[in-house]
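Asker: What follows is the residue order along each chain.
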Amino acid sequence: DSGVTQTPKHLITATGQRVTLRCSPRSGDLSVYWYQQSLDQGLQFLIQYYNGEERAKGNILERFSAQQFPDLHSELNLSSLELGDSALYFCASSAMGAMNTEAFFGQGTRLTVV
Amino acid sequence: ELKVEQNPLFLSMQEGKNYTIYCNYSTTSDRLYWYRQDPGKSLESLFVLLSNGAVKQEGRLMASLDTKARLSTLHITAAVHDLSATYFCAVEGGGGADGLTFGKGTHLIIQP
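Protein sequence lines, in the order shown, are assigned to chains A and B. Heads up: the first sequence begins at 1 in the working numbering, then just goes up one per residue. Heads up: the second sequence begins at 1 in the working numbering, then just goes up one per residue.
Calculated directly from the structure, the hints in this document are not laboratory data. Don't take each hint at face value.
Derived DEER-like restraints, expressed as beta-carbon distance ranges [as the list claims (entries may be wrong)]:
{"no.": "1", "chain 1": "A", "residue 1": "G16", "chain 2": "B", "residue 2": "K68", "range": "46 to 56 angstroms"}
{"no.": "2", "chain 1": "B", "residue 1": "K68", "chain 2": "A", "residue 2": "T13", "range": "43 to 53 angstroms"}
{"no.": "3", "chain 1": "B", "residue 1": "G40", "chain 2": "A", "residue 2": "E54", "range": "24 to 34 angstroms"}
{"no.": "4", "chain 1": "B", "residue 1": "M62", "chain 2": "A", "residue 2": "G42", "range": "21 to 31 angstroms"}
{"no.": "5", "chain 1": "B", "residue 1": "T27", "chain 2": "A", "residue 2": "G42", "range": "14 to 24 angstroms"}
{"no.": "6", "chain 1": "B", "residue 1": "A69", "chain 2": "A", "residue 2": "R22", "range": "36 to 46 angstroms"}
{"no.": "7", "chain 1": "B", "residue 1": "P39", "chain 2": "A", "residue 2": "Q17", "range": "25 to 35 angstroms"}
Cut-off 27 angstroms, straight-line C-alpha distance, at most; resulting in silico cross-link-like pairs (DSS-like, lysine-lysine) [stated by the list, open to error]:
{"no.": "8", "chain 1": "A", "residue 1": "K57", "chain 2": "B", "residue 2": "K41"}
{"no.": "9", "chain 1": "B", "residue 1": "K56", "chain 2": "B", "residue 2": "K17"}
{"no.": "10", "chain 1": "A", "residue 1": "K57", "chain 2": "B", "residue 2": "K3"}
{"no.": "11", "chain 1": "B", "residue 1": "K3", "chain 2": "B", "residue 2": "K104"}
{"no.": "12", "chain 1": "B", "residue 1": "K3", "chain 2": "B", "residue 2": "K56"}
{"no.": "13", "chain 1": "A", "residue 1": "K9", "chain 2": "B", "residue 2": "K41"}
{"no.": "14", "chain 1": "A", "residue 1": "K9", "chain 2": "B", "residue 2": "K104"}
{"no.": "15", "chain 1": "B", "residue 1": "K104", "chain 2": "A", "residue 2": "K57"}
{"no.": "16", "chain 1": "B", "residue 1": "K104", "chain 2": "B", "residue 2": "K68"}
{"no.": "17", "chain 1": "B", "residue 1": "K41", "chain 2": "B", "residue 2": "K17"}
Below, a sample of chain B positions facing chain A; criterion: calculated Cβ distance under 8 angstroms [said to hold, decoys possible]:
{"no.": "18", "residue": "S42"}
{"no.": "19", "residue": "L43"}
{"no.": "20", "residue": "S45"}
{"no.": "21", "residue": "V48"}
{"no.": "22", "residue": "F88"}
{"no.": "23", "residue": "G99"}
{"no.": "24", "residue": "L100"}
{"no.": "25", "residue": "T101"}
{"no.": "26", "residue": "F102"}
{"no.": "27", "residue": "K104"}
{"no.": "28", "residue": "G105"}
A virtual CB, placed ideally from N, CA and C, is assigned to each residue, including glycine.
Using the sequences and the accompanying hints, generate a full structural model.
Answerer: Spelled out as structure tokens, the structure:
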């Protein structure tokens with residue numbers, strides 16, 4: 001168990017809908033990252049938050065947004081869903097600022113858009 | 001744009017054999033990560049390589065980093081079935097700040 005908790009584990013929704021994925025980082029970790037894993041694109045970095053502030057953006061679509069709350073948990077919001085958004089979404093957390101900024105991954109949320 | 005290339009992408013080998021997975025990346029970076037993923041599961045951190053010449057070993061797996069050649073290797077010694085998984089290398093940067101750019105992964109099957 002990495003200590004990173006993601007909910008829900010599975011989500012099935014229809015095209016055009018909006019969903020929210022939730023992530024609780026490891027205790028003490030200030031940085032949260034979101035990744036998308038699909039057969040087509042592989043593992044892609046979406047966005048990073050550090051202590052409540054957006055720190056870096058990767059290949060995140062405009063239909064997607066995220067935030068990190070004062071208690072450091074994070075939510076990834078996906079809207080106007082398309083079939084191609086079906087993927088495994090991972091959250092990872094790291095301490096940041098330490099020499100070893102190894103990121104630990106949660107179990108993922110499998111999103112299926114039908 | 002940072003690119004991370006792994007090869008081979010698919011590897012089937014017999015138990016007891018040795019093999020090496022290669023990871024090339026396209027920009028200067030002093031940090032390289034190896035992860036393991038079992039089907040439908042999360043990514044498990046295997047190694048963090050933080051400097052040129054770094055070598056780390058855990059059981060039958062050994063990873064090394066050559067930042068000048070922009071190359072990391074993951075060597076498997078006397079493979080066993082339990083090592084069957086997909087192995088990813090990842091490099092910081094490209095995604096901005098500390099976001100990782102991953103290779104496509106090496107799907108490793110070890111047959112008895």
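Asker: Each hint: holds or not?
Answerer: Each hint tested on the structure:
The given range of 46 to 56 angstroms is respected by G16/A and K68/B, whose C-beta atoms sit roughly 50 angstroms from each other. At roughly 48 angstroms, the beta carbons of K68/B and T13/A sit within the given window of 43 to 53 angstroms. In this structure the hint that G40/B and E54/A lie 24 to 34 angstroms apart at CB holds, the actual value being about 30 angstroms. For the hinted restraint 21 to 31 angstroms between M62/B and G42/A, the CB-CB distance of approximately 25 angstroms keeps it satisfied.
The beta-carbon spacing between T27/B and G42/A, approximately 18 angstroms, falls within the hinted interval of 14 to 24 angstroms. In this structure the supplied range 36 to 46 angstroms holds for A69/B paired with R22/A, their Cβ-Cβ distance being about 41 angstroms. A beta carbon spacing of about 28 angstroms between P39/B and Q17/A agrees with the range 25 to 35 angstroms that was offered as a hint. Between the alpha carbons of K57/A and K41/B the distance comes to roughly 25 angstroms, so the proposed pair stays at or under 27 angstroms and holds.
Using a Cα cut-off of 27 angstroms, the hinted pair K56/B and K17/B holds, with the two alpha carbons roughly 20 angstroms apart. With a CA separation close to 17 angstroms, the supplied pair K57/A and K3/B stays within the 27 angstroms bound. Our distance criterion of 27 angstroms between C-alpha atoms is met by K3/B and K104/B, whose separation comes to about 10 angstroms. Annotation: proposed proximity of K3/B to K56/B holds, straight-line Cα distance about 23 angstroms (limit 27 angstroms).
Restraint check: the Cα-Cα separation between K9/A and K41/B comes to about 11 angstroms, which is no more than 27 angstroms; the hinted pair holds. In summary, the hint linking K9/A to K104/B is supported, as the alpha carbons are separated by about 24 angstroms, within the 27 angstroms threshold. Restraint check for K104/B and K57/A: satisfied, since their Cα atoms lie roughly 20 angstroms apart, inside the 27 angstroms limit. For the proposed pair K104/B and K68/B, the alpha carbon gap of about 22 angstroms is at most 27 angstroms, so the pair holds.
Simply put, K41/B and K17/B have alpha-carbon atoms about 26 angstroms apart, close enough for the 27 angstroms limit, and the pair holds. For the restraint placing S42/B at the interface with chain A, the shortest Cβ-Cβ distance is roughly 5 angstroms, inside the 8 angstroms limit, so the hint holds. Satisfaction of the interface hint for L43/B is found here, the shortest Cβ-Cβ separation to chain A being roughly 4 angstroms, below the 8 angstroms cut-off. With a cut of 8 angstroms, the hint placing S45/B at the interface with chain A holds, because the nearest CB-to-CB distance is about 6 angstroms.
Given hint, V48/B at the interface with chain A, holds; its Cβ is 5 angstroms from that chain's nearest Cβ, closer than 8 angstroms. Checking F88/B against chain A by beta carbon gives a least distance of about 7 angstroms; that is within 8 angstroms, so the hint holds. Of the supplied interface hints, the one on G99/B holds, with its beta-carbon coming within about 4 angstroms of a beta-carbon of chain A, less than 8 angstroms. Because the closest C-beta pair between L100/B and chain A is about 6 angstroms apart, less than 8 angstroms, the hint holds.
Contact between T101/B and chain A, as hinted, is supported at the beta carbon level, the nearest pair being about 7 angstroms apart and thus within 8 angstroms. Satisfaction of the interface hint for F102/B is found here, the shortest Cβ-Cβ separation to chain A being roughly 4 angstroms, below the 8 angstroms cut-off. At about 5 angstroms, the closest approach between the beta carbon of K104/B and any beta carbon in chain A falls short of 8 angstroms, and the interface hint on this residue holds. A distance limit of 8 angstroms between C-beta atoms decides the matter here; for G105/B the minimum to chain A is near 7 angstroms, and the interface restraint holds.
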